[in-house]
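Number of protein chains: 6
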Amino acid sequence: MSFFQHPLAVVESSSIGDNTRIWAFAHVLPGARIGSDCNICDHTFIENDIVIGDRVTVKCGVQLWDGIDVEDDVFIGPNATFTNDPFPRSKQHPRKLPRTRIRKGASIGANATILPGLTIGERSMVGAGAVVTRDVPADAIVTGNPAEICGYAGVSEGRLPAVGAPPPEPGSATTLVQGVMIHRLPSVYDLRGNLSFGESNLHIPFAVKRYFLVFGVSSQQIRGEHAHRALQQFLICVHGSCHIVADDGNARQEFALDRPFVGLHLQPMTWAVQYKFSSDAVLLVLASDSYDAGDYIRDYAEFLTLRKSPA
Amino acid sequence: MSFFQHPLAVVESSSIGDNTRIWAFAHVLPGARIGSDCNICDHTFIENDIVIGDRVTVKCGVQLWDGIDVEDDVFIGPNATFTNDPFPRSKQHPRKLPRTRIRKGASIGANATILPGLTIGERSMVGAGAVVTRDVPADAIVTGNPAEICGYAGVSEGRLPAVGAPPPEPGSATTLVQGVMIHRLPSVYDLRGNLSFGESNLHIPFAVKRYFLVFGVSSQQIRGEHAHRALQQFLICVHGSCHIVADDGNARQEFALDRPFVGLHLQPMTWAVQYKFSSDAVLLVLASDSYDAGDYIRDYAEFLTLRKSPA
Amino acid sequence: MSFFQHPLAVVESSSIGDNTRIWAFAHVLPGARIGSDCNICDHTFIENDIVIGDRVTVKCGVQLWDGIDVEDDVFIGPNATFTNDPFPRSKQHPRKLPRTRIRKGASIGANATILPGLTIGERSMVGAGAVVTRDVPADAIVTGNPAEICGYAGVSEGRLPAVGAPPPEPGSATTLVQGVMIHRLPSVYDLRGNLSFGESNLHIPFAVKRYFLVFGVSSQQIRGEHAHRALQQFLICVHGSCHIVADDGNARQEFALDRPFVGLHLQPMTWAVQYKFSSDAVLLVLASDSYDAGDYIRDYAEFLTLRKSPA
Amino acid sequence: MSFFQHPLAVVESSSIGDNTRIWAFAHVLPGARIGSDCNICDHTFIENDIVIGDRVTVKCGVQLWDGIDVEDDVFIGPNATFTNDPFPRSKQHPRKLPRTRIRKGASIGANATILPGLTIGERSMVGAGAVVTRDVPADAIVTGNPAEICGYAGVSEGRLPAVGAPPPEPGSATTLVQGVMIHRLPSVYDLRGNLSFGESNLHIPFAVKRYFLVFGVSSQQIRGEHAHRALQQFLICVHGSCHIVADDGNARQEFALDRPFVGLHLQPMTWAVQYKFSSDAVLLVLASDSYDAGDYIRDYAEFLTLRKSPA
Amino acid sequence: MSFFQHPLAVVESSSIGDNTRIWAFAHVLPGARIGSDCNICDHTFIENDIVIGDRVTVKCGVQLWDGIDVEDDVFIGPNATFTNDPFPRSKQHPRKLPRTRIRKGASIGANATILPGLTIGERSMVGAGAVVTRDVPADAIVTGNPAEICGYAGVSEGRLPAVGAPPPEPGSATTLVQGVMIHRLPSVYDLRGNLSFGESNLHIPFAVKRYFLVFGVSSQQIRGEHAHRALQQFLICVHGSCHIVADDGNARQEFALDRPFVGLHLQPMTWAVQYKFSSDAVLLVLASDSYDAGDYIRDYAEFLTLRKSPA
Amino acid sequence: MSFFQHPLAVVESSSIGDNTRIWAFAHVLPGARIGSDCNICDHTFIENDIVIGDRVTVKCGVQLWDGIDVEDDVFIGPNATFTNDPFPRSKQHPRKLPRTRIRKGASIGANATILPGLTIGERSMVGAGAVVTRDVPADAIVTGNPAEICGYAGVSEGRLPAVGAPPPEPGSATTLVQGVMIHRLPSVYDLRGNLSFGESNLHIPFAVKRYFLVFGVSSQQIRGEHAHRALQQFLICVHGSCHIVADDGNARQEFALDRPFVGLHLQPMTWAVQYKFSSDAVLLVLASDSYDAGDYIRDYAEFLTLRKSPA
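Chains as they are written, first to last, in our numbering: chain Z, 1 to 311; chain A, 1 to 311; chain S, 1 to 311; chain C, 1 to 311; chain W, 1 to 311; chain R, 1 to 311.
Keep in mind that the hints were calculated from the coordinates and are not lab data.
This list has only true hints and no planted wrong ones.
Pairs count within a copy or across copies, as identical chains cannot be separated in the list.
Lysine to aspartate or glutamate pairs mimicking EDC-like chemistry, simulated, CA-CA at most 16 Å apart:
no., residue 1, residue 2
1, K91, D54
2, K104, D69
3, K91, E71
4, K91, D37
Only a predicted model underlies this, so the values are computations on that prediction, with no experimental measurement involved.
Looking at chain Z on its own, in the form it has when it is part of the complex (with noise of 0.2 Å):
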């Protein structure tokens, strides 16, 4: 047994992995399997059908209940809490336990309270307190009571620059996500009302093909999380506002489109998430070819690979 123990904890399982550490007044259940290099801290309470990952964080307080999967590298806080029943009553059991799901690299802040059966995607981050009433998509940052997305992680870390502005005049600026360039598209603004206008291969950068709205958004919906083979996009937000985060595998940055004379391009083989949608945003997307379902890259382990693999 190559995992540390302390002298008052209470492990009966004998599936650790290596270098993984059990503290004080821990008691992890027989059928629990934990995986290598893993810190479980005092007071928590590990059952039984549960798999932990490699490298995994579990803080005091914690209990990890039947039909958790928590995946490499999830950092779990002091006394977040999760659940298992939806509609729990004294000694009555649900017949078939809604899985949890905490995936690869992602943070339960502190005291969060995470609702049955839900997915806390890659990378994702509930705060601190957040009570967690659906899925959190890959790279979120939740808060609140109800958790609703406040921003994304890689961009909302200060380890990045603002949010993209378009440039002074009309014409294009680069971004620091390859293939992504923002625009400002020419307009007139006069007594009689506003104008703004575009032109296939000459201020939109290819043929439009296709075009669709998206609107009637509701503000914690988010939309996208997707990337295109071939597809070329240009997005113009012209009602109301919402946000877009750009990613090209390596760089990431947020946009706030909230002028219908900004637009933004992205080629092919960017990731895209759409959000922060306010109630009466409408998007224009403007599009190079036809609806192709074989054009999505919907997995963005896939995109990443795809991204980094010669062309």
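Following the hints, complete the assembly by docking chains A, S, C, W and R onto the known chain Z.
Here is chains A, S, C, W and R on its own, set in the frame of chain Z:
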């Protein structure tokens, strides 16, 4: 003298057209020129610097001051009141009077008030009691104090069916106007938000070469008022609402665009007016070609001539 | 011929009543019929298809066109303007003119404009400068462009005390109108919400047999305008506000109902009008009997006759 | 000793019921009394002035302080946190602790916080992460910080069909609850405003003896929570909206009243709760008899007993 | 008789001033008194109890009824309509007519309607088609139905530059009006909230002895309309907005106060008017001395005299 | 060793003060320093880089991480949860932990969550279940997620009378706080708008030398938190509302300023806090002297010392 003059009328001008009748207590000053087949009713007053066309009716209690041009077929209702000095002070006369122009076929309602220097467009209709403070476009109906456009003549006179409606399923429908189709675009409504879309040469009956957005138009403004020789347009009001009046030179119909999945296809040689913009309206126009000033026909008479000439 | 005609008037009709005076620069066409004791002022014009009752005043600058009926005791202020063609075009005459009816005792304010085909109700009062686009009910006072009801004659002429008020404690109080009582119903206000209530034959002075709710009434609408022969009613405006004008044939009083604990008891043979509905008004009417069309008196003259006849 | 104690538990009380299990790192002080068939999980702490009923579950990380009564069949989720001092200061102890009462069958969600001195009603359900600052009524489900009622247990657990709907035409329909009918009342909608009505013994299935109006109820309030022995009631939400939960002792159903032509008829011996009042809600209740305090059944247990006893 | 009378005019008065001209179809009753250099146009009617000053223009279609005083230099536009009975009924004459006063230099727009008993202030301007229901202050421009103040004569006639602007940095700037300075006060804007301040004899060019706050002023109201002999004032609109018109007897300028860091310094002997209050406006006035009724000059003519007299 | 240690506690530190008690399943790491008379309850965990003062209570389920300073007399409720890494990721440790400071006498409510690097002010009170994301000022009471100030300790603990009220007539009234007077200023309300005013040395008890305006303060902000040595201030909330807490070192009282005719006079040596600003609040402060940084006392302890020292 082939015109009729009531014995109690005072007619000092000798430029009166055939068959014109001038009734009791009317007073026409020497410089006035009046066309033929006019009816100048009791208690009217016609000053000197005035040209009145043919077949004009001037009802009782109306005065026409220096600087007012009245084209053929105009109707001026009883007690309708004109002005020619924007800031009248007793005994102070402006050096130059702004001219008021009442275009061919216009109708000025009873007791309406017309501020100085305005143009009342062809066939337009000023409602009874209206106080007109801005130019009235051709065919518009205006009412209120200050007067605003409330409809378009030809459309609202009840001789045409109601506003054109999109088909109940995605697809297109003909309208009363030749060359104008109304489309319902595919749309998907779900809890995550709504989506509507269209593709060139599939839902949009041409290849989209250019788009423009019209927004921030006040409810009093009208836009358009022209036809295109070769350009095709596809109009979608993606937020808020506006009305389109389309005219093929023969029939005229009004369309309310108020949903992002309703489009109006205007083929070349369609005269169109856009008005009744809600304050939050965003009108997306997809166009078949680049901007070309020479493609515009801005004169309705020229439009009619071109429509009627053999191709 | 016992009527007066100014030497500079043109009177072509021979149907002019006794003691009627027609002043300078007036013009009466042959077909017009004018009653006795009228005053037709300077610069008026009376066309042919016109019947004017007795004791009518037509002030300067007024024209009365074909199709206008003016009943007895009407006052028409200076420059008040009538119309008889809803969509006038020069030299185009509608086949059939809509008739305008100015009912007995009505008063048309100076420079008011009356659109074609309307009825101006008995004793109603059109404010100076008003532009009347809809029928005016009996006794109503209308102002503005377009004109809206702003009060009721008899009530607002200042000869009656202000709006009737409920008593300060639960109970009832008499009003100026015979057969109308105003009630304050018991109510309890506490932090958990509010309660008001009434019981048949206790707070409500009859057994409730039926209720009805009136809601969604636009601010321009008036309702009621009838009396009941036998039905008792108890009116409570449970949300928003409306005004009730009650009339016993002798006195008339206006009541603002704007709180759910204020009720108005209308005994049989009370003429009542409901108006000034706020957009969110819900008027609850508790009634003493089933609906019976024969119980309604819809003609005010008939109501007066019945009120005055011995029981 | 017929209860189970983990070797690492500290149990100082001798008043522990049969079959109760007390797990590792739990600490029970001498004064505590715990019923039978309970489950006291790891890392719990039970102070002295505590009475716990039978079949109670206390999950990990929970402390029960002096002054907390826990009735039978209660579930207390992990890390749920109780308090007993409204303004805690170190080393300052209030003379008298307010008592917290967790009623029979209640469920306290994971990581919920319960402020001192509250009563958590029978079968109610406190959502995970909720911060409860006010009493929770029987059967209510509360969530959020501060917690508000979001539904009623039995209704929202998905075991019953959706909210009862009125029939499509005027008339009545049965519901899942015995003695409760939902009515659509006759209504007339036209441009002049809308009308809805009902007549005793025709649309209203009894003679209306009394009415009351409930209004100005905050969205957090609940009303009702009683049954009547003999009174019949007919509920119409004449403005705004509210929800009614009706219960015959066997089935329970929730009804949204949000239109003035929808009525809910509650026969005698129906338990009813009114809640989710919109801020502008006005609930009209027509009742078959005068107010009689003796007609109320305010205790749900008594109601159940009476429902089940032979008539 | 040195005045001109058209052969078709009826002039029964002998009190007509020199050089006055009376045109065709005009009718002047015996009691009317008309000054010199007037122009009484066609189709006018002048009753008996009327005094008209010198240099007055009365355009066509106007009637002047008993009880109307018209001072020197007034302009009355065509078809402008006066009234003298607030509730006219045919054959019922009020015992005493309210007098209407048209002050020196006022201008009544074409087809305007003036209700009975009003005063139309000196040099004020009633817009064409306006329906005037309240007194019009001196110099005010009113339009609409009912008429509201939309500007001030002298300011809005386009002969003066636009609204005075504060300097871009804290400090003061001269204006077109002698003795009026516009100030930008120091201000600090940060995330914690904003601060603006001023100190006596430093930013405020006098020692502050008194303050007053003006608030809750309806948009139709005007305030001020006086000058001070010795008092200095410093005006800051600390919430909402209002307009100040300042006048040194020679130049006049309008200032929009709409930010808490903009102040207007009025030295003694400045005539000032405050109007266009937003509904939420709070105007703070810092004053150099206690209230002294004798310090006010409320008559503009007296103000002009005092301004022009050598000090 | 004069402290108490439960046999099942793990205490690795030797720096524990007299009379401190450490209970079952508590774990104190070697570097921790704990003062005397503390109570460290069951299931607590105290890391190394921790200093705890005297008379501190740490209730069950609490962990104190490296970087947390706990001053004397602090109360930490059960399951209250601390953090020390703003963006925790498993196995990634920030180079430098932000320090959390719990000031003397503060009280952290049960199950509250404290984000890293914050200061919880002296005597402040964090409500149960609150999620604290910003510094908590001294004496403030905060609740909610995220936590906001809802009151001030001392004021809201019910030991003081309600908010101080101005006198019913113009004039001033004493308050519970020495040196603080509440004034009603003269005001005149009429239909033309409202007026309130004050004069130096008459209504304002000093000569006004300076004013400042505070506006645009978010509802979460607090301002003030200082006393002045010599400056007198007179506070009027001229729009919107805010609350003032005034403190003479002995008594403390809260005042709601929400009307432009209510002023609060703060004499020198009064500690004052301004908070609960409505979004539209404008606070006018009249001051007796120029700005002088040296006149401010920003440390409450210093203020208390100065208040208590003989003059």
